[in-house]
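Q: Sequence:
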Amino acid sequence: MSFLRRGFLPGILLLSACFGQSLPLTPEVQSALDRVSAQSLRGNLSFLASDLLEGRDTPSRGLDLAAEYIAAQFRRAGLEPAGGDGYFQTAPFEVYEPRTDHFRLELAAGGQTVAVGAGEVRAQSPAAVDVKQAGVFLMHADTPEPQAGDVAGKVVILDAGKSGQLGGWMFRRMRALRAMQPAAVLLIDREGMYFQSEASNRLVDPEAAAPQAVLVVHSAPLARVLDDLPPGAAEAAVTLHLDEAVKKPVTLRNVIGVLRGSDPGLRDSCVLVTAHYDHIGVRTSGEGDRIYNGANDDGSGTVSVIELAHALAALPHRPKRSIVFLTFFGEEKGGFGARYYARHPVFPIEKTVADVNLEQLGRTDSTEGPQIATATFTGFEYSDLPEVFREAGKLTGVTVYKDEQNSDAFFSRSDNQMLANQGIPAHTVCVAFEYPDYHGVSDHWEKIDYDNMAKVDRMLALGVLMLADNPAPPHWDAKNSKVASYLKAWKERHAGD
Numbered sequence: 004m005s006f007l008r009r010g011f012l013p014g015i016l017l018l019s020a021c022f023g024q025s026l027p028l029t030p031e032v033q034s035a036l037d038r039v040s041a042q043s044l045r046g047n048l049s050f051l052a053s054d055l056l057e058g059r060d061t062p063s064r065g066l067d068l069a070a071e072y073i074a075a076q077f078r079r080a081g082l083e084p085a086g087g088d089g090y091f092q093t094a095p096f097e098v099y100e101p102r103t104d105h106f107r108l109e110l111a112a113g114g115q116t117v118a119v120g121a122g123e124v125r126a127q128s129p130a131a132v133d134v135k136q137a138g139v140f141l142m143h144a145d146t147p148e149p150q151a152g153d154v155a156g157k158v159v160i161l162d163a164g165k166s167g168q169l170g171g172w173m174f175r176r177m178r179a180l181r182a183m184q185p186a187a188v189l190l191i192d193r194e195g196m197y198f199q200s201e202a203s204n205r206l207v208d209p210e211a212a213a214p215q216a217v218l219v220v221h222s223a224p225l226a227r228v229l230d231d232l233p234p235g236a237a238e239a240a241v242t243l244h245l246d247e248a249v250k251k252p253v254t255l256r257n258v259i260g261v262l263r264g265s266d267p268g269l270r271d272s273c274v275l276v277t278a279h280y281d282h283i284g285v286r287t288s289g290e291g292d293r294i295y296n297g298a299n300d301d302g303s304g305t306v307s308v309i310e311l312a313h314a315l316a317a318l319p320h321r322p323k324r325s326i327v328f329l330t331f332f333g334e335e336k337g338g339f340g341a342r343y344y345a346r347h348p349v350f351p352i353e354k355t356v357a358d359v360n361l362e363q364l365g366r367t368d369s370t371e372g373p374q375i376a377t378a379t380f381t382g383f384e385y386s387d388l389p390e391v392f393r394e395a396g397k398l399t400g401v402t403v404y405k406d407e408q409n410s411d412a413f414f415s416r417s418d419n420q421m422l423a424n425q426g427i428p429a430h431t432v433c434v435a436f437e438y439p440d441y442h443g444v445s446d447h448w449e450k451i452d453y454d455n456m457a458k459v460d461r462m463l464a465l466g467v468l469m470l471a472d473n474p475a476p477p478h479w480d481a482k483n484s485k486v487a488s489y490l491k492a493w494k495e496r497h498a499g500d
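For the sequence shown, position 260 (counting from the first letter as 1) is numbered 263 according to my numbering, and the numbering increases by one without interruption.
Hints listed in this document are in silico derivations from the structure and should not be mistaken for laboratory results. Since this is a predicted model, take the numbers as computed values, not measurements. For each residue, glycine too, the CB sits at the ideal point set by N, CA and C. Among the clues, some could well be false.
Derived DEER-like restraints, expressed as beta-carbon distance ranges [as the list claims (entries may be wrong)]: (1) 440 to 412: 37 to 45 Å; (2) 182 to 481: 25 to 33 Å; (3) 320 to 179: 18 to 26 Å; (4) 113 to 181: 23 to 31 Å.
Distance condition first, Cα-Cα at most 25 Å in a straight line; then the derived SDA-like pairs of lysine to any residue [unchecked claim]: (5) 250 to 107; (6) 405 to 415; (7) 450 to 54; (8) 482 to 407; (9) 354 to 91; (10) 485 to 143; (11) 354 to 250; (12) 494 to 179; (13) 251 to 131; (14) 482 to 412; (15) 485 to 372; (16) 354 to 269; (17) 491 to 412; (18) 250 to 102; (19) 491 to 352; (20) 494 to 397; (21) 405 to 371; (22) 482 to 370; (23) 250 to 138; (24) 397 to 476; (25) 485 to 178; (26) 485 to 186; (27) 482 to 453; (28) 135 to 186; (29) 450 to 387; (30) 482 to 494; (31) 250 to 270; (32) 491 to 474; (33) 251 to 269; (34) 494 to 178; (35) 354 to 54; (36) 397 to 474; (37) 450 to 107; (38) 491 to 54.
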């Protein structure tokens, strides 16, 4: 298959010159793009984001229903199953039940001692901890990265302060802290958001369990004491006792289907099209609606993966490379599904040329203003992949641009990060980074702009085809210092090329 009447798509370095002209799409490609349907997107999302699935928490019955539904749609599209169990890549995890009979948490600072009850704490890891009068290292979002000697044996407290909330920066800091051997890590959840999730993050990856105890704390008296402490090594001490939790096995599933490529020399390489199909479940208390339906985050990305699969599988001539359609579990719990795939890839990492990760494509009511017929990529200048979609946007009426404020900041906040860590040029595409009721119970399927999402999906379908039909894969920008670790991983993967 070709985008031009004859020959293959020019190399990525020639894209700007070639697409400076108005190039016609072949009838077969245009026909495939036309299969992307707002009605189909609405129908799929109205189920996946329905109350029946109870917020698709990881793990949950609703998540399992969603996985079965996605697999059925891949089957309907005619994709080849690519998991070890049909369309499913099964992953052994554990859930745990904390034991709080002997729980104790006290913070002494400024001449007073605050005791926190077991009901004000959610254990995020099953590890036991027993420390008496341990030193404290307090970190805010803008606190410089500590050295191992600053935190070893201490209790690290991550707190956004009076105007902040538990956020992605805490989890990124926590990953860095794991190697520094703190005695425990406390995440201060001032707004109580993470206390409202049914599963309360009680999920363990046996292959990468945190070496120390991690607790989310929702305590107003404790927060008031922290308001008076400067960041860094604090004049404070923590006494903490938590017994090791009881762990039970659970099986989780990534859903994978593949559209095999046609070129004998390229069909064993692939482009990933990904999204996460989980969300954060059900609020355990309160009046009215308690289900976090997650229509935009990331039901919109999930149904777009389905829609692209249906559209591209209808092509009479396959692209040169294979296209892998993959939906992950557990993104909201820390990218567990993507992490598992990165450690156990179904398709070799060195043969995976790109990951196009789809997030939050449905809402156009961005806090930065309406986003109609636009899309943006995280890490826009980290590789030349986003430029391929900028050209696809020119042909489909969608403006693909760099969001100067959010592009780099959001790169690590979705599943693309786990694949970038393996050296794969991987970016997340979205329409609105921030929108009203993000992670709220009112993120419902009725609020999605389906006509706009269909338009964006046609751009994405064309861009994915451009990647899959191009002998020249995308590359990290070696001149950009922010990609040094990703480029190093890529070179290690391709050392024998």
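Q: All hints are to be evaluated individually against the structure, with a verdict given for each.
A: Results of checking the hints against the structure:
no., hint, result
1, 440 to 412: 37 to 45 Å, "violated, 21 Å"
2, 182 to 481: 25 to 33 Å, "holds, 27 Å"
3, 320 to 179: 18 to 26 Å, "violated, 47 Å"
4, 113 to 181: 23 to 31 Å, "holds, 30 Å"
5, 250 to 107, "holds, 21 Å"
6, 405 to 415, "holds, 16 Å"
7, 450 to 54, "holds, 15 Å"
8, 482 to 407, "holds, 18 Å"
9, 354 to 91, "holds, 21 Å"
10, 485 to 143, "holds, 22 Å"
11, 354 to 250, "violated, 37 Å"
12, 494 to 179, "holds, 23 Å"
13, 251 to 131, "holds, 16 Å"
14, 482 to 412, "holds, 19 Å"
15, 485 to 372, "violated, 29 Å"
16, 354 to 269, "holds, 9 Å"
17, 491 to 412, "holds, 21 Å"
18, 250 to 102, "holds, 11 Å"
19, 491 to 352, "holds, 14 Å"
20, 494 to 397, "violated, 32 Å"
21, 405 to 371, "holds, 14 Å"
22, 482 to 370, "violated, 32 Å"
23, 250 to 138, "violated, 29 Å"
24, 397 to 476, "holds, 21 Å"
25, 485 to 178, "holds, 18 Å"
26, 485 to 186, "violated, 31 Å"
27, 482 to 453, "violated, 39 Å"
28, 135 to 186, "holds, 11 Å"
29, 450 to 387, "violated, 33 Å"
30, 482 to 494, "holds, 15 Å"
31, 250 to 270, "violated, 42 Å"
32, 491 to 474, "holds, 22 Å"
33, 251 to 269, "violated, 43 Å"
34, 494 to 178, "holds, 24 Å"
35, 354 to 54, "violated, 39 Å"
36, 397 to 474, "holds, 22 Å"
37, 450 to 107, "violated, 44 Å"
38, 491 to 54, "violated, 44 Å"
Of the hints listed earlier, those the structure fails to meet are numbers 1, 3, 11, 15, 20, 22, 23, 26, 27, 29, 31, 33, 35, 37, 38, in rising order.
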